[in-house]
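These are the residues of each chain, in order.
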Amino acid sequence: MTAPPRQAMSTVIVGAGPAGIRAAQTLLAHGLRPCLLDESLRGGGQVYRRQPEHFKRSAKALYGFEAGKAESVHATLDQLQSEIDYRPETLVWNAETRTLDTLHNGRAAQVPFKHLIVATGATDRILPVPGWTLPGVYSLGAAQIALKFQGCAIGERVVFAGSGPLLYLVAYQYAKAGATVAAVLDSSPFSAQTRALPALLGQPSTLAKGLYYRAWLTAHGVPVHQGVHLHEIQGERRVSGVSWQQGQQRKNLACDAVAFAHALRSETQLADLLGCEFAWSALNRAWLPTRDAAGRSSVEGVYLAGDGAGIMGADAAEVAGELAALTLLGDIGYRIDRARSIELQRQLEAIQRFRQGLETAFPFPEDWAAKAPDSLTVCRCEEVSAGDIRQTVADGHWEINRVKAMCRVGMGRCQGRMCGVAATEIVAQASGRDIASVGRLRGQAPIKPLPFGVEADQ
Amino acid sequence: MSQPVEVDAVVIGGGIVGASAALFLALSGKRVALLERDFFGSHSSGVNYGGVRRQGRPLSQLPLSRRAHEIWGDLRAFIGTDGEYMRSGHLKLARSDKDMAALVAYEEASRGFGMELQLLDHARLRARFPWAGDVAVGASLCADDGHANPRLVSPAFAVAARRAGAQTFEQAHVSEVSHDGQTFLVRTASGLSFRAPWLLNCAGAWAAQLAQQFGEPVPMRAGHPAMLVTEPLPMFMDVSTGVEGGGIYARQVARGNCVLGGGQGFALDPATARPGQAAILEILRNAVELYPPLAGAQAIRTWSGTEGYLPDREPVLGASSTQPGLLHGFGFAGSGFQIGPAAGEALAQRVCVGASNIDLTPFSITRFQTHLQSQPHTSSPAIVVPSGTDNVIPLFRGRSNP
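Residue numbers (my numbering), protein chains in the order written: chain S, 372 to 829; chain A, 934 to 1335.
Hint data in this document are derived by calculation from the structure and do not stem from the laboratory. Just so you know, not all the hints are guaranteed correct.
Taking CB as the label site, the calculated pair distances span [unchecked claim]:
hint : chain 1 : residue 1 : chain 2 : residue 2 : range
1    : A       : D1015     : S       : G592      : 38 to 44 Å
2    : A       : D1054     : S       : F426      : 55 to 61 Å
3    : S       : S808      : A       : R1044     : 51 to 57 Å
4    : S       : D766      : A       : P991      : 35 to 41 Å
5    : S       : T470      : A       : G1114     : 51 to 57 Å
6    : S       : A741      : A       : Q1115     : 37 to 43 Å
7    : A       : P1203     : S       : T470      : 56 to 62 Å
8    : A       : A1204     : S       : H475      : 33 to 39 Å
All C-beta atoms, glycine included, are put in the ideal place defined by N, C-alpha and C.
The whole structure should be built from the sequences, with the hints applied where relevant.
If you want it as structure tokens, here you go:
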């Protein structure tokens, strides 16, 4: 069919979400058997995370409108598994020249590669509010995973807060699953969503789903408030309520759990350790590894696909995974369908325009840092407050790694994956600097914690 | 181009040696400019393990180290912060009778320097430090040694220098140094320029370039100690520790995190280094037998730095033999943190009163002149920081050979 497989096992994919699975499928279809490394037990990524094997809920119940896509991605992984070197429950914790370091079942190993597709996905983007460290507070993504994976709700009376498409989706999923959704508190004003309509109309079905979730919530009596500033999550030993500001009004509401986030942030540490070049993305309000339109990073042989190099969503991840794989194959001499590659790039461009519309509809709350009180805990691992960070800035520091060195923000267990965004916002606000000029936290191994006593395959 | 700023001394390098030299010069009323290419204390002075120990140093360093011990004892008065400095004690473990004999010999040889080392046999070690692994057969304790947070201490020396009147500059990469027979002219890429009769070369792993320019090449190599830190753990380790013969070293900070070092990483480029997976895994595999409470703990972060090493692992400290007015202070071989303030003070004394209180002869740059031909005034040599393995501190597992 194509060129013979050369160095069959030297092509590696990190991440078995929609991007990684489509990439693996494409490589295999051309006769190249990749090694697919994934941290989770059963693949699917965060968005299509699969329930444990003995759970029997239907795809429709778990993924709603996306059931077809989820089932297709899962079926693809199931078909591929035996033909590729699939390694679930494998953490990639470090990268050195042409080698990945992995941890599986307490054992460390090295996976050399010639070509690598990085599809590391995203986490929630967290902008803390007072009380966010109370038991009962979850990120939106975590609340969704509790439901999707384990069939658990995070509480009986849940408030959903923040912004982004996930806000309405998860609230809808909770309500459908039988939880009481006490309220949806959207930080973006209704006017922003009206303004975004022209761009959003480029993806009418996605827009329709978003509108459907909202309409469904309203129709089922769930209060939806827009233009809200979440003021505080209240509680003594755990969450008992929230208070928020809408216009001039301060409002309170009792609840026993809160799920909150402001859209997503890319997981970029692996690309950083690999030496990929980063550039500021105003759209993502983040430093991201650069990729060309075909998915190539700045490092030869390293390709980037999916939300790990900029948030575009699951559909785009499938497209980008296939595209990166085609690009890789073309680069090493396989005959590929160029027209397909161009078509995929065109699809990504269309999704990118929609993504810009989403950013207009759910704008980043740029006043968040100015409103954050000094007492607010920003880094919960190291217990660093907004005031501590501002004091460090007052001492003359403004570069984010330097601020980290001085006040420990981002030095704890999460290594800044959760607090880095908020810390950077506070530094920019306190120093009066442009957010991009504050820099980005340097990636340091291990990407996630590594146990003592680990045995290594030599 | 604007007129150069006239000062008494320019210090190149804002690590702990350069910053403390600037501090002591400013305290003596000298006009001093401190120039740092990156951020103050952001290289080996700020990212080292944080050991503040005299024990185990070569005897040649003990006079300086003793003076440094006094400065550390008064740290807050000098730099305005204690930088998490604790006189916790430093415990050097022996994993064989042969290693214990080496500790005994060191204790005898180092008497007279005020360290008051206590030798602990196996029973006393177990009684006093029950958390120490059974692989240790004995130890030597220096009760007044300790540890501190280098990220806080080293930049604080530069801040203190500024408060004392020094002009201090970060992100000031020195692009040109010349001497007209009277004074040095120092320019930075950022457009600063200074004229001074004294120039202090405290540029750490990057100092060889300037020495070479003045006809004093030194065989310095860059080393990259590997380090990691755990999540906070219940307090168990109340001393900073090391192992006779090299290997893993560890301390536990007040927050509960354990900082461990051992082995060597690698350079990404001349200014940045990583610990490397091999060294990290070695520490994770081997630390538990020395520190059993670490079993099940997790490492959350690793790092390395770039430090200058000379073949005899002694620093270069003192006057240039070729260029009047030029002083060197570099090459501290991974153990400059404790001794750095005294090294800086000695250089300042050389400027202010013509000689340091402590004899710096063992650290003279002339010791390299016998085997290296000098090549004076090479025009702007490329920055070369060779990264070698000949300074690798070996990691040993189990008890060492008796």
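key: Hints breached by this structure   = Result: hints 1, 6, 7 break, sorted rising.
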